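> So you can see what is in the structure, the chains are spelled out below.
There are 2 protein chains.
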Amino acid sequence: MTTTEPTNIATRPHAGIRGPRPTTFIEAPRLSERLGAHVTLAAETFQHTGSFKFRAAYHVATSVPHPSIVTASSGNFGQAIALACRLTGKRCFVVMPETSARVKVDAVRAYGATADLIDTRAMTREARVAELAAEHPEAYVASAYDDLLVIEGNASLGREIARSGLTFDAVVAPVGGGGLSAGLIQGLRDAGSTTPVFAAEPLIANDAARSIREGHIVINEQEPPTLADGARTRSVGRHPWTILQNGLAGIIEVPEREIAEGVRALFTLANLKAEPTGALTTGALLAEPGRLAGQRVCLVVSGGNVDPAIYARILSEAV
Amino acid sequence: MTTTEPTNIATRPHAGIRGPRPTTFIEAPRLSERLGAHVTLAAETFQHTGSFKFRAAYHVATSVPHPSIVTASSGNFGQAIALACRLTGKRCFVVMPETSARVKVDAVRAYGATADLIDTRAMTREARVAELAAEHPEAYVASAYDDLLVIEGNASLGREIARSGLTFDAVVAPVGGGGLSAGLIQGLRDAGSTTPVFAAEPLIANDAARSIREGHIVINEQEPPTLADGARTRSVGRHPWTILQNGLAGIIEVPEREIAEGVRALFTLANLKAEPTGALTTGALLAEPGRLAGQRVCLVVSGGNVDPAIYARILSEAV
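Going down the list, the sequences are from chains A and B. Here the first sequence stands for residues 77 to 395, where the numbers follow our numbering. Here the second sequence stands for residues 77 to 395, where the numbers follow our numbering.
In isolation and in its complexed conformation, chain A is listed as follows (with noise of 0.2 Å):
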C-alpha cells in the first residue's frame, strides 16, 4: 500500500530524454500472411514526439551552434524541433498556416516553441521564414528535408536496422522529401550493409517516382491531396536526391485505397496505429503483391500521429 521516493517527475516528462529512443522491431505474423512476406515492422510511432522525425530534429539542434532555429513545418518536423530546442535550450519558431489543425499548433506551443502562423494566401511559408530569419540572424534555418543534418540525423535508423541482429531482404520506407529513405540509405551502408531500399509513394503524389525516371528532379505544381500528408511535399530536396538518385532499388507508388488498406491492416493484423504516411510501406506490398512476395521485409512505420476522427474515418470506411 506504501511506495517509496516518490519523484514527481511528471512536470518534467521530457527531462529524461537524452537522444532519439531505438526503433521499435516488432514481428507481424498475420500481417505477413496478408502480404504474402515475412514481415517486420520498424515502429517509429513511439520515437519522441510521434515519429522518426525527432532523430533529424535532434540531431540538428545539437550540431549547430545557433542559439534559436527557424523553420516551416505543419508536420511531425515542427513538433519534433520544438522538443529538440526545448531540449537544448534554444529558441524555436516555427512557420505554421493559420489553418493547421489546433492539436499541432497546441502540440508545438506545448514544447516551447513559437508557433508562427500565417495567411498562406498572403504570404508564402519560406517567405516568412526569410522575414524571421532576417529578424533573427542568430538563427539556424531547418528544412525537415533539405539538410545534409537531417539525412545524417535519420541514418541513426539505418544503422539501428543494420546492427538489429535482424537479415532482411528489404528495407521499405516512405519517401516525400527524401530526408528519411536518404538516411536510412546512408545509414545502412555506413554500418556496411548492402540490403536495398525501396520507397513507398503515394501514387497521386509520385514526384519521386518521375524523378528516378527522368533522371532528374521533378515538382510537383502543386502540393498533391494525398490522405499521406507527410508526404505531400513537392518535390525530393536536392541533398537527398544525390543519394536516392543511385541508391534507392526502387519506388513502389501506392493508389489512395492501399494507403487506407494499409492503416486498416496495421490496426487489425498488427495491432499497430499507423499515420496514413506510415503506412505507405504496407500500402506498397498490398499494391505490389508480387515485388518482394516471399521476402524478409523491413517495413519502416514512420510516425503514428492522426487526428482521431481521421482515424476512425479510415477504419470504419468499407474495403
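Rather than coming from a laboratory, the hints here were simulated on the basis of the structure. What you are looking at is a predicted structure, and each value in this text was computed from that prediction instead of being measured. Where is the CB? At the ideal position from N, CA and C, for every residue including glycine. Treat each hint with caution, since some may be false.
Among the chain A residues that face chain B by a calculated CB cut under 7 Å, a handful are [to be verified]: (1) Thr121; (2) Gly126; (3) Pro384.
Ranges between beta-carbon positions, derived for each pair [said to hold, decoys possible]: (4) Thr190/B / Ser392/A: 30 to 36 Å; (5) Asn322/A / Val179/B: 42 to 48 Å; (6) Arg333/A / Gly241/B: 40 to 46 Å; (7) Pro98/B / Asp383/A: 30 to 36 Å; (8) Ser144/B / Asn322/A: 53 to 59 Å; (9) Arg310/B / Asp383/A: 36 to 42 Å.
Footprint (simulated), chain A over chain B, 3 or more residues, beta carbon under 8 Å [to be verified]: (10) 94–105; (11) 118–126; (12) 340–348; (13) 374–385.
Let chain A serve as the given structure and place chain B on it in line with the hints.
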C-alpha cells in the same frame, strides 16, 4: 534491385515462434503529463496473438503432456491457446458461444483449432467443456485464469518488469479472473522485487474489489456488461485469490467513462492501440488521479484486440 535467398516463410509465418515475446516498454511523456505520474507502458499488444494471454497459453501447452487441450473462451485466451497448440503439435478445442464475433471464431480456426460453437441458452460453456472432456479423455482441460500453470506463465511478465532496469514505485494491471495480476505479483517477487502491484477493475464489474473488502471471493450474479470485455468474468479464480488476497496493494475501480477515455488517451498521447481491457490501467489513473500522483508507475496494457467498429466508435465519442 536484387535480393538474396528468398525464404518463403510467409506461408508459415508462425514457424519461428519459440515462446512469448518480451513486453514492449514505452515511455510516454505526454501521457505522463496528462496523468500526473511518470508513466511507462508495458504493452502486451504486440505479444503473439495480441495479448498477454499467450504467456499462459504457451506455458500450459508446453507443460502438460496431454496431446490435446479443451478450453472455453470467447476472447483472447482462445486465440492464444489455439496458437500455442499449433506450435506444440496438440489438438485444440475452444468452446465459444455461437454469437461470438466472427473475427474471433475465424482467428481460432486460422490457428488450426476447432471452434466448438454452442447455443448458450441451451447449454452452459462449462457443461460443454465437460462433455468434450468426456469425449476426449486424453485432453487437458485448461482454464483461462484459474490454473497454477496460467499464473506461472503470466509470471514471466513480472520477471521482465523486475529485470527491465527501470525503477517503479508501482505496477498497475487489469484484473478480471485474476490470472494476470496474480502472475505479476508472483513474477516480481520471484525476481526479488517488492514493488507494489495495484489492480484496475471496471466499477460495474467490481467483484475483485468487493472480494478484497469482504475477505472472501464475491461472485457477480451475471456477466457484467462492461466495455472491458476481458474483465467480464463473474469472479476471480480460487488459485489467483490465494495470491491476490494479501498480495495486492489496492484495487482501483474504473467507471466506464474513464475506460473509454483511457483508450483515447493511449491513442492520442502514446500512439498506442489498446483494447478497452488494456486501457483499464490508464483509466485507473484518470479515475483516481491522486492515488499514484507524481510516482513512477508501470501501466500494464494487457492487449490490443478490439473490433475496428467498436474502436472507431470509442474514438469518435465526446469525452
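> So, for every hint listed, does it hold in this structure?
Hint-by-hint comparison with the structure:
1. Thr121: holds (4 Å)
2. Gly126: holds (5 Å)
3. Pro384: holds (4 Å)
4. Thr190/B / Ser392/A: 30 to 36 Å: holds (33 Å)
5. Asn322/A / Val179/B: 42 to 48 Å: holds (45 Å)
6. Arg333/A / Gly241/B: 40 to 46 Å: Holds: the Cβ-Cβ distance is about 44 Å, inside 40 to 46 Å.
7. Pro98/B / Asp383/A: 30 to 36 Å: Taking Cβ atoms as reference, Pro98/B and Asp383/A lie about 32 Å apart, which means the hint holds.
8. Ser144/B / Asn322/A: 53 to 59 Å: holds (57 Å)
9. Arg310/B / Asp383/A: 36 to 42 Å: holds (39 Å)
10. 94–105: This one holds; 5 residues, not fewer than the three required, reach chain A with a Cβ under 8 Å.
11. 118–126: With 4 residues close enough to chain A, the hint holds.
12. 340–348: holds (count 6)
13. 374–385: holds (count 4)
In summary, this structure violates none of the numbered hints.
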